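K.L.:
With these hints in hand, go ahead and build the complete structure from the sequences.
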Amino acid sequence: FFLLCCSFDMPRANTAITREFTVNLHKRTHKVTFKKRAPTAVKAIRKFARKEMGTEDVRVDTELNKFVWSKGIRNVPHRVRVRLTRKRNDDEDANGEMYTLCTLVQVSSFKGLQNENVPNEE
-17 FFLLCCSFDM
-7 PRANTAITRE
3 FTVNLHKRTH
13 KVTFKKRAPT
23 AVKAIRKFAR
33 KEMGTEDVRV
43 DTELNKFVWS
53 KGIRNVPHRV
63 RVRLTRKRND
73 DEDANGEMYT
83 LCTLVQVSSF
93 KGLQNENVPN
103 EE
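Just so it is clear: in the sequence shown, position 122 is 104 by the numbering used here, and no numbers are missing.
Please note: incorrect hints may appear among the correct ones.
As the list claims (entries may be wrong) - In silico BS3-like pairs for lysine-lysine, Cα to Cα no more than 30 angstroms straight-line:
hint, residue 1, residue 2
1, 33, 69
2, 48, 25
3, 13, 53
4, 29, 93
5, 33, 53
6, 33, 9
7, 25, 93
8, 29, 69
9, 18, 33
10, 53, 93
11, 53, 25
12, 9, 93
13, 33, 13
14, 53, 9
15, 53, 18
16, 29, 17
To be verified - Taking CB as the label site, the calculated pair distances span:
hint, residue 1, residue 2, range
17, 32, 52, 19 to 25 angstroms
18, 90, 43, 16 to 22 angstroms
19, 96, 44, 24 to 30 angstroms
20, 13, 102, 36 to 42 angstroms
Worth flagging that the hints you see were computed from the coordinates, not collected in a lab. Predicted model only: the values in this text are computed from it and were never measured. Every residue, glycine too, gets a C-beta built ideally from N, C-alpha and C.
P.N.:
Right under this line is the structure:
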């Protein structure tokens, strides 16, 4: 019984998949110094993507980065809708076989949105 309990591992993240999430940046930048808010928000998005997709290599799109910085370093938007895409790494000298690409999804309102799988384009 003890061996069965401890030998269970999380499933490996080796399939390409796309999901949409809403990330609450307001709670992740609470009690953070004004001049560190936008950099902390970008790091929080990276950490969220690493946790949800199970890859160490996380790449943030320039459009998403500009959206986070759009109101300045101090006034980060409260929420952001992101599309996390796990892709196969084609680099020969990369340390992981998969990477995650974070892109911005423009929404008019965050009311009633759920985390959802997006069908792959490929």
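K.L.:
For which of the previously enumerated hints does the structure constitute a violation, in increasing order of number?
P.N.:
none
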